[in-house]
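Below, each chain spelled out in residue letters.
Number of protein chains: 2
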Amino acid sequence: MRIVSAQDYDLRREVEYGSPEQNAAVKRIVADVRSEGDRALLRYTAQFDSTTLESDELRVTEEELQAAYSQVEPSFVKAIAAAAANIRAFHQKEKRNSWMDLQPDGTLLGQIIRPLKRVGVYVPGGKAAYPSSVLMNVIPAQVAGVPEIVMVTPPATGGKAGIDPYILVAAAEAGVREIYRVGGAQAIAALAYGTESIVPVDKICGPGNIYVALAKREVFGAVDIDSIAGPSEIAVLADDSADAAFVAADLLSQAEHDEMASAILVTDSAAFAQACQKEVQRQLAELPRRAIAAASIERYGVILLVDSLLEGIQVINRLAPEHLELMVHEPMSYLSLIENAGAIFLGPYSSEPVGDYFAGPNHIIPTNGTARFSSPVDVDDFIKKSSMIYYSKQALLDNGETIMELARREGLEGHARAIEIRLQREGKAGNAHDN
Amino acid sequence: MRIVSAQDYDLRREVEYGSPEQNAAVKRIVADVRSEGDRALLRYTAQFDSTTLESDELRVTEEELQAAYSQVEPSFVKAIAAAAANIRAFHQKEKRNSWMDLQPDGTLLGQIIRPLKRVGVYVPGGKAAYPSSVLMNVIPAQVAGVPEIVMVTPPATGGKAGIDPYILVAAAEAGVREIYRVGGAQAIAALAYGTESIVPVDKICGPGNIYVALAKREVFGAVDIDSIAGPSEIAVLADDSADAAFVAADLLSQAEHDEMASAILVTDSAAFAQACQKEVQRQLAELPRRAIAAASIERYGVILLVDSLLEGIQVINRLAPEHLELMVHEPMSYLSLIENAGAIFLGPYSSEPVGDYFAGPNHIIPTNGTARFSSPVDVDDFIKKSSMIYYSKQALLDNGETIMELARREGLEGHARAIEIRLQREGKAGNAHDN
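For the protein sequence lines, the chains are H and G, in the order given. Going by full-length UniProt numbering, the first sequence opens with residue 1, and the numbers climb by one from there. Going by full-length UniProt numbering, the second sequence opens with residue 1, and the numbers climb by one from there.
No lab work stands behind these hints, which were simulated from the structure alone. One should not assume that every hint holds.
[What the hints assert, rightly or not] Below, computed lysine to any residue pairings styled on SDA-like, alpha-carbon distance capped at 20 Å:
#, chain 1, residue 1, chain 2, residue 2
1, H, Lys117, G, Leu337
2, G, Lys95, H, Arg96
3, G, Lys93, H, Ile113
4, G, Lys78, H, Arg408
5, H, Lys95, G, Met100
6, G, Lys393, H, His329
7, G, Lys393, H, Asn86
8, G, Lys27, G, Pro207
9, H, Lys117, G, Arg318
10, G, Lys117, H, Val315
11, H, Lys95, G, Ser374
12, H, Lys93, G, Pro104
13, G, Lys95, H, Leu102
14, H, Lys428, G, Asp243
[What the hints assert, rightly or not] With the Cβ distance kept under 8 Å, some of the chain G side facing chain H (calculated, not the full set):
#, residue
15, Leu116
16, Lys203
17, Leu287
18, Leu346
19, Pro353
20, Asp356
21, Tyr357
22, Asn362
23, Phe373
24, Tyr390
25, Arg417
Yeah, the Cβ is synthetic: ideal placement off N, Cα and C, and Gly gets one too.
Full structure from sequences and hints, please.
Structure, rendered in structure tokens:
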């Protein structure tokens, strides 16, 4: 892991969004599923997942869900239930009520908060199928009050149509009962436009490969989508009070995700930088996923030396990392200075995996610098608001002329007349308008 | 205005998103401004706005802002200030605090709410320059606490570099002091990537023509953008207690916006349908913008007859209109049944222009059925959240094994070890891991 001065390091990272060929393929798949429904859905499932299904085999049965429980360790069921309880408790605190402002003239103004009606959660197949991600996508929707939550996930390839039992148990523990064994761009199209077997949704969320990401972009507008996640990132701000072995372990836990993942240490202590560098080397050698972690560390891992922790915080704010650990003396004293970070972990025991799996806050967090303007997934992602205006006769009499002046200034005489006709009815604004 | 049975009417409406040529032009403009900065910005301003400027002439001066006040009627300044005060008061009530959950084992979990740092507001030129839209975009950002709000608007064409004084006064009343005379895709690119004269922003909002809309889509990811508004819509649900002249005036106030605007009446009364049809005809003939309104009514205006108000509400929920008026007896009794509508106006005096200009809720509202999953602009559009996790030693000792089990189940041994190394340090989890 290189040690460089923060001033010499280019913080930007470009991310690409699929080749023209991939884009064209996705457009075709989406159009076909939209026009042909189940027929195209089953055809693409046979083609891409080597699994031949009939329409009535798409949905995972209640028996399969129950059978999954006997295929996993009881300790796993207990662990996932405990994590689900924590995640549910945290997201409960995010909930908001509709509200009303009652004005003295009889006017009522307000904001009505409602859950979305139907949400689709994509769960990738194979090694990228993470039970924890099922919880993190489903539970906020459920807490928001979404009455219909549906999951799609590709069938195991090679003619077997089964779904990973750990995924099924996580879904059941989160409360999902409507699950379809379809994946890829064809699953996204089915969720967006509906087929004979799948009722369309209002929003699609969940991670996926490049085809899934492109399909989500393609259907956006017909339905809402979540943001498209980039490779995972961690930044650790540490001083010499930090434990180098802890910090190294946390950096590697991020690096093992993906060769594109990035792990950055920012420190004001050259001695700590060297100690951490050594610890990363030592722990890396023993890691099962050392090939991936080593590639990530080689390409995107760096130790940035700064003159002071305050300079370090400026670097952090420019990075706007997905995950930030404050491994410094009195970490709370720096909290108000952190402008841009998706999730902030404070102190020696707040190792990032605590948040990935268990503490309660969501682990779906903005990547690639977008923490500057976006937020971890939460209950707000599954609600919609309506404004409410109950204007009283008195309020219209008092303010009608002002509203008409503003409308006429914008050249919208029809707007002014909608007010005027009411004032005239009440015997105010007696003069007929010019034409 | 046709009267048809609701059952025979296709509620869907497709919206297009620019030709390939327009897309290509926008991509080129954005790339040029990104690589050349001011040079490209000024070149495109000369080309598209026929206005030759130097870099140091881009920013509107404090003198121009002051001069604008002498070019508008004092009554306009008073009206816009009153509207701004109402909009500010309403949006203040949307504000939320950061919060913390304090757990018995010493753990602190929370959500930190912060304003975005810098926001750019696009204001179209010419006849589409609406002072009310300036307020509706700027004030929520300001209430959210955004410290830097910058406005861009194209110069008057034909060699004059002036900006509409009504727009300048609205900006000043809303509190904006940093204004640049640039427009089109080149202005969006400048806001997203910055130039020598314009510091880049975190989010771009505000309406614009197709080039502006495409440019916003092009830069999304580098910065946040607001949603791209479609043509305006109103649906009125009325029974025979409603005033046909009021309803007709409100339908026309929407129709006059744009030939693409849509005005739909849903009613259970054939007599009211006919009365309203007649009133629309009568009022339309006297409207200054009758050509536009007539085209809108001809193409998208319709009166839908339903058997009952409850059926009417089902139609409304499928339409998911931008604006909904409930012109029925006891409108409040229907409020909880409305699932999808951007803004809901209740009762005879809540004419839609009341909300467009004055009452307080935002007039930027989801169109084209997207009220199913999105919301009017509000303070939440200008904040970002960070999760906070301060995990205690006790919590890690209590839950570490569970977290490790979940991590190992996902094949992420590095995650498990980040926990394990801490447990070992505390004398727990004594056994070394297998490799």
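Hint-by-hint comparison with the structure:
Between Lys117 of chain H and Leu337 of chain G the alpha-carbon distance is near 13 Å, which keeps this suggested pair within the 20 Å criterion. At most 20 Å may separate the alpha-carbon atoms for a hinted pair to count; Lys95 of chain G and Arg96 of chain H meet this at roughly 11 Å. Pair hint Lys93 of chain G plus Ile113 of chain H holds up; C-alpha atoms about 14 Å apart against a cutoff of 20 Å. Of the pairs offered as hints, the one joining Lys78 of chain G and Arg408 of chain H holds, with about 15 Å between alpha carbons and a cut-off of 20 Å not exceeded.
This hinted pair checks out: Lys95 of chain H and Met100 of chain G have alpha carbons roughly 14 Å apart, not beyond 20 Å. For the given pair, Lys393 of chain G sits about 15 Å from His329 of chain H by alpha-carbon distance, which is consistent with the 20 Å threshold. Among the hinted pairs, Lys393 of chain G with Asn86 of chain H is consistent with the structure: their alpha-carbon atoms are about 17 Å apart, no more than 20 Å. The hinted pair formed by Lys27 of chain G and Pro207 of chain G meets the criterion: a straight-line CA distance of about 19 Å does not exceed 20 Å.
About 12 Å separates the Cα atoms of Lys117 of chain H and Arg318 of chain G, which keeps this hinted pair within 20 Å; it holds. Among the hinted pairs, Lys117 of chain G with Val315 of chain H is consistent with the structure: their alpha-carbon atoms are about 16 Å apart, no more than 20 Å. Distance check on the hinted pair: Lys95 of chain H and Ser374 of chain G sit about 17 Å apart at the alpha-carbon level, within 20 Å; holds. Under the criterion of a C-alpha separation no larger than 20 Å, the hint pairing Lys93 of chain H with Pro104 of chain G is consistent with the structure, at around 17 Å.
Taken as a hint, the Lys95 of chain G and Leu102 of chain H pair is honoured in the structure, with Cα atoms around 17 Å apart against an allowance of 20 Å. A hinted pair counts as satisfied when its Cα atoms are at most 20 Å apart, and Lys428 of chain H with Asp243 of chain G qualifies at roughly 17 Å. Interface restraint check: Leu116 of chain G against chain H, minimum CB-CB distance 6 Å, threshold 8 Å, status holds. Because the smallest distance between the Cβ of Lys203 of chain G and any Cβ of chain H comes to about 5 Å, under 8 Å, the interface hint for this residue holds.
The closest approach between the C-beta of Leu287 of chain G and any C-beta of chain H is roughly 5 Å, which is under the 8 Å cut-off, so the hint is satisfied. Checking Leu346 of chain G against chain H by beta carbon gives a least distance of about 4 Å; that is within 8 Å, so the hint holds. Given hint, Pro353 of chain G at the interface with chain H, holds; its Cβ is 4 Å from that chain's nearest Cβ, closer than 8 Å. Contact between Asp356 of chain G and chain H, as hinted, is supported at the beta carbon level, the nearest pair being about 6 Å apart and thus within 8 Å.
A hinted interface residue such as Tyr357 of chain G counts as satisfied when its beta carbon comes closer than 8 Å to some beta carbon of chain H; here the least separation is about 4 Å, so the hint holds. The beta carbon of Asn362 of chain G comes within 7 Å of a beta carbon in chain H, closer than 8 Å, and the hint placing it at the interface holds. At a threshold of 8 Å, the smallest CB-CB gap from Phe373 of chain G to chain H is about 4 Å, leaving the interface hint in force. Taking 8 Å as the C-beta contact cut-off toward chain H, the hint placing Tyr390 of chain G at the interface holds, the least distance being around 4 Å.
Here the hint on Arg417 of chain G is kept, as its CB sits about 6 Å from the closest CB of chain H, short of 8 Å.
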